[in-house]
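Novice: So you can see what is in the structure, the chains are spelled out below.
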Amino acid sequence: MASNHLTGIGSESKQLATWYFTFAIILFGAQLLFGLVAAIQYVMPGFLFELLDFSVARMIHINALVVWMVFAMFGSVYWLLPDETGIETVGIKIGKLLYWVFVAAIVVVVLVYLIVQVGPADEMSIWFIHEGREYIEAPRWADWGIVVVALGFVANLFMTGIKGKQTGIVTVLMADMLAFAGLYLAGMFFTDNISVDQYWWWWVIHLWVEATWEVFVGALAAYALITIIGAKRQVVEMWLWIEVAMLFGSGILGMGHHYFWIGTPEYWWEIGALFSALEPLPLVAMFIHVLYDWGKETGLQMAEGAEGHAIAGHTITNKPAFTWIVLNAFGNFLGAGIWGFFHTLPQVNLYTHGTQFTSAHGHLAFFGAYATILIGMMYLAIQGTNGIKVLKHTKSSIAGIWMIAGGVMGMGIALTIAGYVQVLVSRAQMGATWAGYFDGQSGMWFSQAMDWRLIMGVVTFLGFAFLIKDFLSTGKNPVHER
Amino acid sequence: MAKKSVWSDNRFWQRSAAWVTGFASILLIWLTFDTSVQIAMGTDADLQNGVTKRVPGPTVINYKITYEMSTARGHEVPVIGEKELFFGRDDYSEEEAGALLHLGKLGSQTKNCMNCHTLLGNGAYYAPDLTKAWLDPAWGPEGSMQAMTGKETKEEAMAEFLQHPSTYPTHARMMPNLGITAEEAKGLVAFLKHMSSIDTNGFPRNFGKIKGAVHGK
Amino acid sequence: MIEEVAMRQDILLDDFLPLFVSSSLVLVFGGFYVGIYTAVKVNLLKKWTMPLAYIFWMLASYCLYLMGSLMHVGDFTAKALVVAAIGLLLLPHAVYYMQHHVHEENEH
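Protein chains in written order, with my numbering: chain A, 616 to 1097; chain B, 223 to 439; chain C, 2 to 109.
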């Protein structure tokens, strides 16, 4: 049974997973590339002016981000499903068809973003160009396409979970993915009332990234700990249920911190403050969970080693994946926890809302909480498809980790400094007007922070190049134990 | 096999997770009903009768809007005052004003405003926040922006800028030409004026009071 | 319930930096507290380091207090912050207590 974890050969579900991962990594590259364009525009405003404006570059930057993560999440589920349920995924042929539908739709959407860019102010533009709503800009026709694809994916997951062995991890994923797909519907309507618009917009954005995605990460980490260091399922799944309770318990009503200033009533201050203060707790719990299992398992291994009969299951079977998952536990706490907490209370958020602080938090949290563990899952897939028993670090995998993590951290710090300048100058002193805004943007600290952001963005991109090199070559590398 | 304790029973934690999630979701849905009523758009009758709504009806474009400190609330709130001309009229009917706002809201999305600007503080941070842009002194009678466009009124100056943004650079970072027509510009200005009348619980703080603000110099 | 004075007072210009630093340190120290506690429990660290964990909890609580006073929080939020501090203190105890049970049952 143990070898079942290690091989993807012969499983159609795992083959589909690798397709999903491949397109995800292409989109990840696109995200970084268009992020660089936007970062250059902060430093050199004339760059590609009226050819590829900031609005277009940034739209592709954040859309590629969301979509590559969704692709890698679907891929992760297709990867772990045969291991967890013990059977081949039900309806895998439909799954493969839907994959191509999904890819084709994304390509068309991005080409329209790039070539058409903006349309006249009418419903046709909303249906066929983009909706102009941050993160979920995809035009309405693509919304329906995404709904169909997501329903197909959820159906596959449910049919497989019901037919095969329904472990705790699969149960959590089933409930979580249903909510994840269902919430998308909250972002698919047009209204003239911008307060109502943003109220429901947050249902998609917040309940994705601060609730359902976080739970998804908890489930992936559980699977990865069992697979990589042989942690006990009973213990890991108990942690998972506790994390689900804590994440949903704080995250669902933590929504309040987005309802401070969009026209919604003042009682959201109290609700948002209370649940936001609780939101870091599950992240602390997830962090110590990894530390705990790691300590327990390596402690056990040392004890057994001393007695002279070590068990193979207790070694780390995939070093790069494990490094990324430890980075995930740490990055989730740092990016989502610390960077989220210090500007979440309404008294402070009044000044920080809509500044580069949000951007710093966004970069660190999306990377720390999601990119890391999804890259870890890709390493598991490389190990599986190449039939490797113990996957080791290579020079490229280490360079990739250091440069990507260091680059994103550097960007986060630079943006934090920029946000601080903005809070002091544009908000506290100048009262957020047009003139106040540009006073803040012209400060020396602000503009140097933007220079550093660009430099760190380039470092991240170089790290990405090492990661790709490692992805393409490590499977055939003779250093690994086969 | 040692005796099972409730704390180490997975079914106990599974049930707890389900209950906690269910409870939080129900609370959120209940609050959503309450909030939805409070942020529903008001009507023309509300405006005429002086009924304060968090989000006034579209005919608010017929009135003068100011942003004033409320001692009861402890922060600034938009105040709807006497009638004010908007593109030469102050008698837009509910249908006319609604149509303008509809056009403006559509325009705000199709022109992708949110991927440079922030609206109600949400969006990108490459350009100024537009929440209270209508109240920005720079667009007022003595403001630099109105002077730059050479127009007589705030709304005409804003509409002119939106149609030819790169003709009026205010910073090295310029707004690109987005093909905004005269009619769309009018709709967008109506949208901005309406947005400035939304009660945002005092966000942004000290707006437009560069001299009078607590930290102002 | 509505905090009438919550928004009346502006945050002083010089208070912003200590405010951001103290609120970040809340979680940094909180993380140290939980991390050291866990590490001692799984024998990655020696027993005598445990008091350090509690010192970090005290530092975290102090930073939380500092943060709350600098941003002039109202009564309700102040109570929420106290609950959060106590929650942080109890969290690893509860978790370890449960883990202990699970391991007992699995390893015997």
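No lab work stands behind these hints, which were simulated from the structure alone.
Don't take every hint at face value.
As the list claims (entries may be wrong) - Cβ-to-Cβ under 8 Å is the rule here; a few derived chain A residues that face chain B:
1) R673
2) E703
3) V733
4) P735
5) T782
6) G783
7) P880
8) Y966
9) T1009
10) W1017
11) R1042
Said to hold, decoys possible - Cut-off 20 Å, straight-line C-alpha distance, at most; resulting in silico cross-link-like pairs (EDC-like, lysine to aspartate or glutamate):
12) K305/B <-> E378/B
13) K778/A <-> E881/A
14) K934/A <-> E1096/A
15) K847/A <-> E105/C
16) K275/B <-> D256/B
17) K275/B <-> E1096/A
18) K275/B <-> E317/B
19) K286/B <-> D266/B
20) K1004/A <-> E881/A
21) K286/B <-> D256/B
22) K305/B <-> D256/B
23) K1007/A <-> E1096/A
24) K847/A <-> D231/B
25) K80/C <-> E885/A
26) K80/C <-> E881/A
27) K275/B <-> E703/A
No residue lacks a Cβ here, since even glycine has one placed at the ideal position from N, Cα and C.
Novice: None of the hints should be skipped; say for each whether it holds.
Specialist: Results for each hint:
no. : hint                : verdict
1   : R673                : 5 Å, holds
2   : E703                : 27 Å, violated
3   : V733                : 5 Å, holds
4   : P735                : 7 Å, holds
5   : T782                : 11 Å, violated
6   : G783                : 6 Å, holds
7   : P880                : 5 Å, holds
8   : Y966                : 7 Å, holds
9   : T1009               : 38 Å, violated
10  : W1017               : 28 Å, violated
11  : R1042               : 7 Å, holds
12  : K305/B <-> E378/B   : 18 Å, holds
13  : K778/A <-> E881/A   : 48 Å, violated
14  : K934/A <-> E1096/A  : 12 Å, holds
15  : K847/A <-> E105/C   : 13 Å, holds
16  : K275/B <-> D256/B   : 14 Å, holds
17  : K275/B <-> E1096/A  : 69 Å, violated
18  : K275/B <-> E317/B   : 19 Å, holds
19  : K286/B <-> D266/B   : 15 Å, holds
20  : K1004/A <-> E881/A  : 57 Å, violated
21  : K286/B <-> D256/B   : 29 Å, violated
22  : K305/B <-> D256/B   : 31 Å, violated
23  : K1007/A <-> E1096/A : 8 Å, holds
24  : K847/A <-> D231/B   : 14 Å, holds
25  : K80/C <-> E885/A    : 11 Å, holds
26  : K80/C <-> E881/A    : 18 Å, holds
27  : K275/B <-> E703/A   : 57 Å, violated
Hint violations for this structure: numbers 2, 5, 9, 10, 13, 17, 20, 21, 22 and 27, all remaining hints satisfied.
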